[in-house]
Amino acid sequence: MANEILEEHIQNEYKWGFTTDIDADEAPKGLNEDIIRFISAKKNEPEWMLEFRLKAYRNWQNMTEPHWAHVSYAKPNFQDIIYYSAPKPKKELASLDEVDPELLKTFEKLGISIDEQKRLTGVQSNIAVDIVFDSVSVKTTFKETLAEKGIIFCSFSEAVQDHPDLVKKYMGMVVPPTDNFYAALNSAVFTDGSFCYIPKGVRSPMELSTYFRINASGTGQFERTLIIADEDAFVSYLEGCTAPQRDENQLHAAVVEIITHKNAEVKYSTVQNWYPGDKNGKGGIFNFVTKRGICLEDNSKISWTQVETGSAVTWKYPSVILKGNNSVGEFYSVALTNNYQQADTGTKMIHIGKNTRSTIISKGISAGFSNNSYRGLVQIKKGASNARNFSQCDSLLMGDKCGAHTFPYIEIKDKTAVVEHEATTSKIGEDQLFYCKQRGIDNEKAIGLIVNGYCKEVLNKLPMEFAVEAQKLLAISLEGSVG
Amino acid sequence: MISIKNLHASIGEKEILRGINLEVKAGEVHAIMGPNGSGKSTLSSVLAGREDYNVTEGTVTFNGKNLLDLSPEDRAREGLFLAFQYPVEIPGVSNINFLRTALNEIRKYHGHEEMPAKDFLALVKDKSKLVELDSKLASRGVNEGFSGGEKKRNEIFQMAMLNPQLAILDETDSGLDIDALRIVANGVNKLKSKDNATILITHYQRLLDYIVPDFVHILYKGRIVKSGGKELALELEAKGYDEIKAQFESLES
Ligand SMILES: Nc1ncnc2c1ncn2[C@@H]1O[C@H](COP(=O)(O)OP(=O)(O)OP(=O)(O)O)[C@@H](O)[C@H]1O
Ligand SMILES: [Mg+2]
Numbered sequence: 001m002a003n004e005i006l007e008e009h010i011q012n013e014y015k016w017g018f019t020t021d022i023d024a025d026e027a028p029k030g031l032n033e034d035i036i037r038f039i040s041a042k043k044n045e046p047e048w049m050l051e052f053r054l055k056a057y058r059n060w061q062n063m064t065e066p067h068w069a070h071v072s073y074a075k076p077n078f079q080d081i082i083y084y085s086a087p088k089p090k091k092e093l094a095s096l097d098e099v100d101p102e103l104l105k106t107f108e109k110l111g112i113s114i115d116e117q118k119r120l121t122g123v124q125s126n127i128a129v130d131i132v133f134d135s136v137s138v139k140t141t142f143k144e145t146l147a148e149k150g151i152i153f154c155s156f157s158e159a160v161q162d163h164p165d166l167v168k169k170y171m172g173m174v175v176p177p178t179d180n181f182y183a184a185l186n187s188a189v190f191t192d193g194s195f196c197y198i199p200k201g202v203r204s205p206m207e208l209s210t211y212f213r214i215n216a217s218g219t220g221q222f223e224r225t226l227i228i229a230d231e232d233a234f235v236s237y238l239e240g241c242t243a244p245q246r247d248e249n250q251l252h253a254a255v256v257e258i259i260t261h262k263n264a265e266v267k268y269s270t271v272q273n274w275y276p277g278d279k280n281g282k283g284g285i286f287n288f289v290t291k292r293g294i295c296l297e298d299n300s301k302i303s304w305t306q307v308e309t310g311s312a313v314t315w316k317y318p319s320v321i322l323k324g325n326n327s328v329g330e331f332y333s334v335a336l337t338n339n340y341q342q343a344d345t346g347t348k349m350i351h352i353g354k355n356t357r358s359t360i361i362s363k364g365i366s367a368g369f370s371n372n373s374y375r376g377l378v379q380i381k382k383g384a385s386n387a388r389n390f391s392q393c394d395s396l397l398m399g400d401k402c403g404a405h406t407f408p409y410i411e412i413k414d415k416t417a418v419v420e421h422e423a424t425t426s427k428i429g430e431d432q433l434f435y436c437k438q439r440g441i442d443n444e445k446a447i448g449l450i451v452n453g454y455c456k457e458v459l460n461k462l463p464m465e466f467a468v469e470a471q472k473l474l475a476i477s478l479e480g481s482v483g
Numbered sequence: 001m002i003s004i005k006n007l008h009a010s011i012g013e014k015e016i017l018r019g020i021n022l023e024v025k026a027g028e029v030h031a032i033m034g035p036n037g038s039g040k041s042t043l044s045s046v047l048a049g050r051e052d053y054n055v056t057e058g059t060v061t062f063n064g065k066n067l068l069d070l071s072p073e074d075r076a077r078e079g080l081f082l083a084f085q086y087p088v089e090i091p092g093v094s095n096i097n098f099l100r101t102a103l104n105e106i107r108k109y110h111g112h113e114e115m116p117a118k119d120f121l122a123l124v125k126d127k128s129k130l131v132e133l134d135s136k137l138a139s140r141g142v143n144e145g146f147s148g149g150e151k152k153r154n155e156i157f158q159m160a161m162l163n164p165q166l167a168i169l170d171e172t173d174s175g176l177d178i179d180a181l182r183i184v185a186n187g188v189n190k191l192k193s194k195d196n197a198t199i200l201i202t203h204y205q206r207l208l209d210y211i212v213p214d215f216v217h218i219l220y221k222g223r224i225v226k227s228g229g230k231e232l233a234l235e236l237e238a239k240g241y242d243e244i245k246a247q248f249e250s251l252e253s
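Same order as they appear, the protein sequences are chains A and B.
At position 114 of the first sequence the residue is numbered 114 (the numbering used here), and the sequence of numbers has no breaks.
At position 83 of the second sequence the residue is numbered 83 (the numbering used here), and the sequence of numbers has no breaks.
For reference, chain A alone in the conformation it holds in the complex:
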């Protein structure tokens, strides 16, 4: 019985699956040094940047794809991917009027305003957006307002041109090009992304966000984001993403690096909604992402909050290296998988400094035939005296054809450490559903309520507008054609 209800819910609909018909400037398919030179030339990059790419590429060629994650998928054919696709014309946009009306329409449909006068989703908010469409950033809003405070918020490509010293200094500091297979690939072929620098003593007056959209078929998206908070700086950064509905699997391999200096804080929130594939598991994005931050100096803080509902396969571990004394790392995660989606996600908290603290709250929700794994590492290095970690990993199962797995790894090299780990697995109760229905609430709404209640601790960490979006998204991702 329960299964029948749930099965109806498993037939979810992806509402961001449309494509935009737009002329694109594309690289030929495949990957070799010429393609990398092509990308670099397209972006008019300095020699050092090309060198960085080529070095990464040569490394990558000697690496093999990791297989330890609890996911299975057909290995992408790296020669069958288009590594660069940009909507034409690709020139510096002086005003909104110059943005292709097709693009404007696309973002309107997605509920994102590139018009600074209009605010996101109608809620009174103040968010600067960088929009990345396939391989390039098409528009960054509120740039001037931010510049007044000395904040640099622009596309990665622009940063390479205008702030080469900062890029050179920080790029690869947290995720070196040799870090792992997909980070190496990204380092070789990354096309765009956001760059953000908050100078000393500045609290960003608004939330900064990047919206990633994959549109072109046959392409991969390889973006790179770099966020630096200098001493006493603070920023809250949001990331959102969607992709059209396609039968093919598209690869998204991003790198995000965060660096915090003394007393600085970065709060990074993601709502990941890449196309998950259809209900039979056809198509969808392979989301292989390396996100890592370093609390470089004392009393700094990095906080990751993620709501993962999309992608066919997710492989992602936003991590924090707690190098500075008294630094704080946080990871709040909701990962929802439905149909044939697979997610292997979690975090690493590496305690190096003294009195460092980390918190991990992970909420997994599995429905349909999906597989949802939490994988987390808490490492306390020698000398990291009085380190503290608290981890809580909860799994919620909907139906009996899905799987939830927890792989916590704990390595303690300092005796003064205190590490606590709690884990629970529960089923969405027939009793809970019936209780809701007996009060007049239908199945769909009931599931939405229960799931949102279950994720509350994490959703509470999101900025207001995002929390509302995320709640709706969770409900929609489980919604079906209820007969």
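Mixed in with the good hints, there may be bad ones.
Pairs of lysine-lysine residues, derived as DSSO-like cross-links and limited to a Cα-Cα distance of at most 30 Å, are as follows [unchecked claim]:
#1 A:K456 - B:K118
#2 B:K190 - B:K125
#3 A:K472 - B:K118
#4 B:K129 - A:K445
#5 A:K445 - B:K125
#6 A:K413 - A:K381
#7 B:K125 - A:K456
#8 B:K129 - A:K472
#9 B:K108 - A:K456
#10 A:K472 - A:K445
#11 B:K136 - A:K461
The hints are simulated quantities; they were obtained by calculation from the structure and are not laboratory data.
Given chain A, put chain B with the ligands in place with the hints provided.
What follows is chain B with the ligands alone, placed relative to chain A:
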């Protein structure tokens, strides 16, 4: 209001309700008593539409509609309320949010607008007073970490908020301390009107001192084997079920 005729229900191969006949009219209070495992909760679950049970025979008419044709949520929206013997916890979903969703879903079904937030909060204040529910409980997660007695009281609070036509209270009295019992009973009495009806499932005559029933029924092995006025409850209290059991032993189980 509700008319139950020859209702049979089973779970798997096991028949639990074996021909229930019961007629409840607006303005009436019926008490159902009976030994453990006789099928009282099953009857309330079947009426509320729990899908684990198969209705194999019989009819149930609720305000002229075939109740068994309606989904559980539509039964609720039509005015059937069940105070659960074991209220369920829904962590992270505040009582208030839960009730607001429920109330508005019921209103929507009847073609009404959502209740404005201000009116809703006034209603919460009013009804929580009725059952003397601590205002902190109203904003906590639904039954989350509530004590047994608090959960029961919360059921009556929800009933007050949703204002049903027919309320089935499944052992709402068990687990309540003496003061709470009086408060809950008072609440139920205040909510009573000539337009609604109540079915009380209980093991104890004590509750019936506070909420005086018009009829008392004894359910045994899936059938109502005896009905009478409130004195039947007193008789049971004095004699226990031995006589009934002896008389109906022959009902094969
Ligand atoms: N899901 C089920 N599976 C198997 N048997 C069940 C199930 N639900 C109820 N029963 C059986 O049906 C019978 C009636 O149960 P029910 O809960 O209706 O009794 P009750 O009269 O409410 O008892 P109590 O006074 O203890 O609350 C019991 O024998 C019980 O074990
Ligand atoms: Mg019972």
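Okay, the hints, checked on the actual structure:
| no. | hint | result |
| --- | --- | --- |
| 1 | A:K456 - B:K118 | 25 Å, holds |
| 2 | B:K190 - B:K125 | 16 Å, holds |
| 3 | A:K472 - B:K118 | 24 Å, holds |
| 4 | B:K129 - A:K445 | 29 Å, holds |
| 5 | A:K445 - B:K125 | 25 Å, holds |
| 6 | A:K413 - A:K381 | 5 Å, holds |
| 7 | B:K125 - A:K456 | 25 Å, holds |
| 8 | B:K129 - A:K472 | 34 Å, violated |
| 9 | B:K108 - A:K456 | 27 Å, holds |
| 10 | A:K472 - A:K445 | 11 Å, holds |
| 11 | B:K136 - A:K461 | 23 Å, holds |
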